[in-house]
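Read off the chains here:
There are 4 protein chains.
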Amino acid sequence: MERLVMTPGPTQSSEEVRGALSIKNTNTDLDKDFFKLYNDTCKKAKKLVNSKDSKAIIMLGEAILGLESACASFIEEGDRVLCIDNGIFGRGFGEFTDMYGAETIYFRSDYKRGIDVDELEKFIDENGPFKLATLVHCETPTGITNPIEDICPLLNRKGIISIVDAVSSYGGEFISMDEWAIDMLIAGTQKCLSVTAGGTLVFLSNRAVEVLENRKSSVRSFYANLKNWLLVMENQKFPYTHSDALINSINVALDRIIDRADYVQRHKELAKKVRDVFINSGFNIYANKDYSNTLTAIKMPEGIDFDHMFNYLKDEKNILIGGSIAEFNGKLFRIGHMGENAKDEHIYIVLKALDEYFKHMNLTLEKSLHIEFAKIK
Amino acid sequence: MERLVMTPGPTQSSEEVRGALSIKNTNTDLDKDFFKLYNDTCKKAKKLVNSKDSKAIIMLGEAILGLESACASFIEEGDRVLCIDNGIFGRGFGEFTDMYGAETIYFRSDYKRGIDVDELEKFIDENGPFKLATLVHCETPTGITNPIEDICPLLNRKGIISIVDAVSSYGGEFISMDEWAIDMLIAGTQKCLSVTAGGTLVFLSNRAVEVLENRKSSVRSFYANLKNWLLVMENQKFPYTHSDALINSINVALDRIIDRADYVQRHKELAKKVRDVFINSGFNIYANKDYSNTLTAIKMPEGIDFDHMFNYLKDEKNILIGGSIAEFNGKLFRIGHMGENAKDEHIYIVLKALDEYFKHMNLTLEKSLHIEFAKIK
Amino acid sequence: MERLVMTPGPTQSSEEVRGALSIKNTNTDLDKDFFKLYNDTCKKAKKLVNSKDSKAIIMLGEAILGLESACASFIEEGDRVLCIDNGIFGRGFGEFTDMYGAETIYFRSDYKRGIDVDELEKFIDENGPFKLATLVHCETPTGITNPIEDICPLLNRKGIISIVDAVSSYGGEFISMDEWAIDMLIAGTQKCLSVTAGGTLVFLSNRAVEVLENRKSSVRSFYANLKNWLLVMENQKFPYTHSDALINSINVALDRIIDRADYVQRHKELAKKVRDVFINSGFNIYANKDYSNTLTAIKMPEGIDFDHMFNYLKDEKNILIGGSIAEFNGKLFRIGHMGENAKDEHIYIVLKALDEYFKHMNLTLEKSLHIEFAKIK
Amino acid sequence: MERLVMTPGPTQSSEEVRGALSIKNTNTDLDKDFFKLYNDTCKKAKKLVNSKDSKAIIMLGEAILGLESACASFIEEGDRVLCIDNGIFGRGFGEFTDMYGAETIYFRSDYKRGIDVDELEKFIDENGPFKLATLVHCETPTGITNPIEDICPLLNRKGIISIVDAVSSYGGEFISMDEWAIDMLIAGTQKCLSVTAGGTLVFLSNRAVEVLENRKSSVRSFYANLKNWLLVMENQKFPYTHSDALINSINVALDRIIDRADYVQRHKELAKKVRDVFINSGFNIYANKDYSNTLTAIKMPEGIDFDHMFNYLKDEKNILIGGSIAEFNGKLFRIGHMGENAKDEHIYIVLKALDEYFKHMNLTLEKSLHIEFAKIK
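Chains as they are written, first to last, in the numbering used here: chain A, 87 to 463; chain B, 87 to 463; chain C, 87 to 463; chain D, 87 to 463.
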């Protein structure tokens, strides 16, 4: 039994993507071939946000660096920032805005569904103005997708710069950066791209670039300073030595997604099947609506301990699934169906293993998960 | 002709080290096997600084993240910091100390040799006290090695926390962290380790850990906050998702160095041969003494343009060599002989190519570089 | 959709086994390390035939070289050879025995089941004596397993050297060379070992070695002469330059099998599930009994053309399945469940694809193949 | 110290060529993509013999299979065969011609130089007619190259089918199959192609194909029967399961050679440098003229034992060099400079190691080998 990692990120990389890490490396500071590779990778990366106008940047660091970079680069002392909070990640963004000197105002909303745009508009009208707003596309800990297609145009109309954490949706959900007037979108390598952790993809609208260029105070960070990246191609100079291994791996991963035009549809269909299987078998999905298409968060059944389930699956079946964090720790279990893991055969195997576990625990399900999965179209 | 990268970092990785990047990846947040791998890698990493007591940390980011992390984590507003400057990198450290609120006092010294410890002591006595001092082991742009074996004990006696940038010396020079009372030492992956860029190795003395734990103000950064790393193994939790690909590659790279106990001696001997070849052939080494053993910086001969030389070697011979930066741009050329590049056959090839270039330019050398190299023991 | 090769050999190799082909190669004639690797691989290979006494040889050539080597090495002009024929491969063995000068006597038996040992004994008593007998363990074109556990002891009692073609059973079925008194057993790399084609594994009993050593005429071949291999380790000399890449790959493949002690049981269970699925859904298995555990041969349904089915699965689903050969061409389709392909998730995927194909052809099955597969324990 | 294999084959493969072995494998019997790959590889293979008209075949077996196949396929009982013998390999060909029923007539000539074509013509006129002749392009054990550009046209004029063993010259020497009227040329994978052993490349002229098609008796072998290969592409059927791993690796290896048009010139120049170095330093080359360009065979110096030298280089320097065989065992040492080993830096390293060995043995050379190598243009 090969290890099967079915957590909502990091996901397992394909052999091709892992193999791309082992290219013969060069001097990425001096070798113009690397600048071409980097530029080509950025262009491909923009295809997944359907953007012509935005500037793509790939930084060397885990995706959280993207969140911090947004705050470090956009916020000046005392800026009023709207923190849109309907989940743990949305809420947590506020710690970064605080750290970089913002006055953070939280729009707190139901954690069991996506943001209601009307309520949000009302909140903005009553509590604005705001320089920028932070929000999360896919609330990974709870499996919610926020309607950024409605939120970002609203923010734009209100003159608010939108910072979108799309770490666990990029490459799995449809995103239209230009059309939806997103100002900054942040993605990582280890989720739907199924590349090793360590790369942060950032997309900036022209408006966002302008704001960066015109900020008055200096940025209080070097590593998280997006301004250092604005002229990389023009100056043929990176802020620090880049990794051709990682960029090459991202490039191959993007090819794999772009070559199969149906990635959005596939994620959507598989997610629906997974949800239906659990619902039909008597489980409760955490979300009430606005379900994520890249992972599913399910309430732990009565009498089942998550750690026990996790260890059984790991030790007996060599399968890793996710739990959740913070106040959801022990209350939810999560299955990732993003990137390379979004495959029928992987879901089949994990459901079969869960069936065995629940049988082992004398928990009778309304339906067998893996048989139900086979039956659903 | 395979591309031969003979710059002073990034260096070319061995097939084994590149291959180690392509391991089947797991969930590094949840998989205890990864914590074991990380811990094992940290233990091996400590061998190259001959340390028992220090704490090793491997962050996901280019080595400059280590410098910023030092400043972000140790400096509190208004701290007096001694910036030891006998080279571009030493001087540049001061920008980070400023950024994080220090009062930076520069000890400026001759750029053509290592720091004179007596002069430094006098300076400290006259200008102290200092909370911490920043210094560079190997001044990569100019090929100087500073005597950290003398400087750090002095700093320690003076009650100053020592922050050593050993990015281009770690793995090539002998370092004794505990004996020399170094408080923080920073290394990167892409120099003597010959791993792709993207990993920062940090070593902290017990005293340094104590200082971190007792700082009064909160650290104004998340990604550069060393405090988040102090209890990684105890809590079995990283500050962000780590990369098993990278850690595995570092692990293999460390094995390759540790397995050949003579790495210090080999770097030293090869460096001396390279210097002697250039001196015997009529070139001028930039340094007057305290030469680096991991690279050699040579003055450009009269009438030769660095870019022309660089492009000739790249286009005709598929060899990359380094120039220099800042005020040394165009005035020095540099050859790396660190990590995987520190091999007789590589130096032989680059010298032969340089002979051809100089002949092509009608520059008569006193001796042929590659024949001289063959002759020297 | 990755290509999924579900034919009864060649099978797809694991990443580990393919990766083992790319080791840094040495001079296999001179490097004693290679002799150790070869010897170690032979020892492991013997574990799959549960033999202590036999001599293992790994030749550089496709498995059919093993059949020819048996005939070239054992047969002397005019030897009477019993060719046990209940399938295309069994029958074909006779062409090799003829080529090397034997008088070939065929025991022809029902193609839809394994050999009846009583009938065979009667035949031998009436038509013997024979110097040697050729037989096939798994008749790959039709999916039959012969009871070599009964046949070989019988041959031994009758003083007949037994030559067993175990090419598509080795590594999937239980084999006990010593206990069953098998004299020569032939295996290949590309079936249950799931290594690329090009290696032939041969196992010789002590009695067989003695017969080789005492043959009177010279062997009329070099490449197919087993005598050249008897003293490889003693003389530290191969008959020709061997491939360390291939031996290393076989070594890793054997490890993968040996590490999971249950390979016989797994093949058996999965084979039964596959048969039951097809039977329950209204298909006819070709065999009446003595089914192969490494592949299943099923009769083509009325009105379905094999080539059409093959191409649909290849073009629409990127799955390869097998047809059959000779008189069974177009009449049977075959699914391999051997070696790396013997996995639930692979079978699930191929059955789902077949369901789609039959639906596409308006052929109504009694039960859906993949749902039935999910249901069967 | 990485192992450096400087023997005259097998040579070390490049990372690319080894990597090409680890492709995801398919069913080579059924997958048309593989037939395309095979055909493409054959076309590239023909470029190295500068042939338009010939038929290329790649068999699964070590190169000696090519020699046996020539004899098995062309010779009918009692055929008169001319065995051209000026070396161990040329002489040994006669054992195969005998085995397959030929009347073998030896043309024995000076072992220290290439064949004298005038003497050969005289011999043929006096001893002919012959159906075919066997000869060796590069006598690997002694480092002689035979003038096949003169011999084969002569044989053609005399109506004799020419069978050329070009195993250690193919890919290193210029060969013009059509122009020189060669009928069959045999190459292997592990010499100048620098691919693992296990592939035999065979090139057949139209005349040779005709002879095969018209032979009267059946071929007494299956595995060595070239007739089975004549219609592979037409019938889309191989005689046995082929290896896509190996064919892919050969394909990549051919690309590497073809991409650098100067491979003949490079081999020639490096070979001359190696010879001059040894001659200038006081050694004796075995050959008097007609030196091989792919290896050099040098007489052992007085008082030096080959095994001692071999083991010193292996154990102290991790370098493998070759000795010789048969009557030259212990009397010659050989250095390969073929394929991937034909690189300045490799020769430099092996010569430096030899210098150290001879110094260790107190043998004073007239000149230092590696310094002399550096000096020679």
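If you are wondering where the hints come from, they were derived from the structure by calculation, not from laboratory data. Every residue gets a Cβ at the ideal spot worked out from N, C-alpha and C, and that includes glycine. Please note that the accuracy of each hint is not assured.
[To be verified] In the EDC-like style, the derived pairs of lysine to aspartate or glutamate whose C-alpha atoms are separated by at most 16 Å in a straight line are: (1) Lys-403/D to Asp-117/C; (2) Lys-463/B to Glu-442/D; (3) Lys-110/C to Glu-101/D; (4) Lys-461/D to Asp-441/B; (5) Lys-429/D to Asp-117/B; (6) Lys-358/C to Asp-376/C; (7) Lys-463/A to Glu-442/C; (8) Lys-461/C to Glu-442/A; (9) Lys-302/B to Glu-163/B; (10) Lys-403/A to Glu-431/C; (11) Lys-110/C to Glu-102/D; (12) Lys-400/A to Asp-117/B; (13) Lys-403/C to Glu-442/A; (14) Lys-461/B to Glu-101/D; (15) Lys-110/D to Glu-102/C; (16) Lys-110/A to Glu-101/B.
[Stated by the list, open to error] Residues on chain A that point at chain B, a partial pick, calculated with CB under 7 Å: (17) Ile-143; (18) Leu-406; (19) Leu-449.
These are the hints, each one checked on the structure:
1. Only pairs whose Cα atoms come within 16 Å are accepted, and Lys-403/D paired with Asp-117/C is accepted, the gap being roughly 14 Å.
2. Distance restraint check for Lys-463/B and Glu-442/D: the Cα-Cα separation of roughly 11 Å lies within the 16 Å cut-off, and the hinted pair is therefore satisfied.
3. Our distance criterion of 16 Å between C-alpha atoms is met by Lys-110/C and Glu-101/D, whose separation comes to about 8 Å.
4. Straight-line distance between C-alpha atoms of Lys-461/D and Asp-441/B comes to about 12 Å, which keeps the hinted pair within the 16 Å bound.
5. For the suggested pair Lys-429/D and Asp-117/B, the alpha carbons sit about 45 Å apart, so the restraint of at most 16 Å is broken.
6. Restraint check for Lys-358/C and Asp-376/C: the C-alpha separation of about 12 Å stays at or below 16 Å, so the hint holds.
7. Restraint check: the Cα-Cα separation between Lys-463/A and Glu-442/C comes to about 11 Å, which is no more than 16 Å; the hinted pair holds.
8. Restraint check: the Cα-Cα separation between Lys-461/C and Glu-442/A comes to about 13 Å, which is no more than 16 Å; the hinted pair holds.
9. A threshold of 16 Å between alpha carbons decides the hint, and for Lys-302/B with Glu-163/B the separation of about 10 Å falls inside it, so the pair holds.
10. Simply put, Lys-403/A and Glu-431/C have alpha-carbon atoms about 14 Å apart, close enough for the 16 Å limit, and the pair holds.
11. The hinted pair formed by Lys-110/C and Glu-102/D meets the criterion: a straight-line CA distance of about 11 Å does not exceed 16 Å.
12. At most 16 Å may separate the alpha-carbon atoms for a hinted pair to count; Lys-400/A and Asp-117/B meet this at roughly 9 Å.
13. Annotation: proposed proximity of Lys-403/C to Glu-442/A is violated, straight-line Cα distance about 30 Å (limit 16 Å).
14. Among the hinted pairs, Lys-461/B with Glu-101/D is inconsistent with the structure: their alpha-carbon atoms are about 32 Å apart, more than 16 Å.
15. This hinted pair checks out: Lys-110/D and Glu-102/C have alpha carbons roughly 11 Å apart, not beyond 16 Å.
16. A distance of roughly 8 Å separates the Cα atoms of Lys-110/A and Glu-101/B; the hinted pair therefore holds under the 16 Å criterion.
17. For Ile-143/A, the interface hint is violated, the least distance from its beta-carbon to any beta-carbon of chain B being 14 Å, above 7 Å.
18. The interface hint given for Leu-406/A holds, since its Cβ lies 5 Å from the closest Cβ of chain B, which is under the 7 Å cut-off.
19. For Leu-449/A, the shortest C-beta to C-beta distance to chain B is roughly 23 Å, which exceeds 7 Å, and the interface hint is violated.
In this structure, the earlier hints numbered 5, 13, 14, 17, 19 are contradicted, and the remaining ones agree with it.
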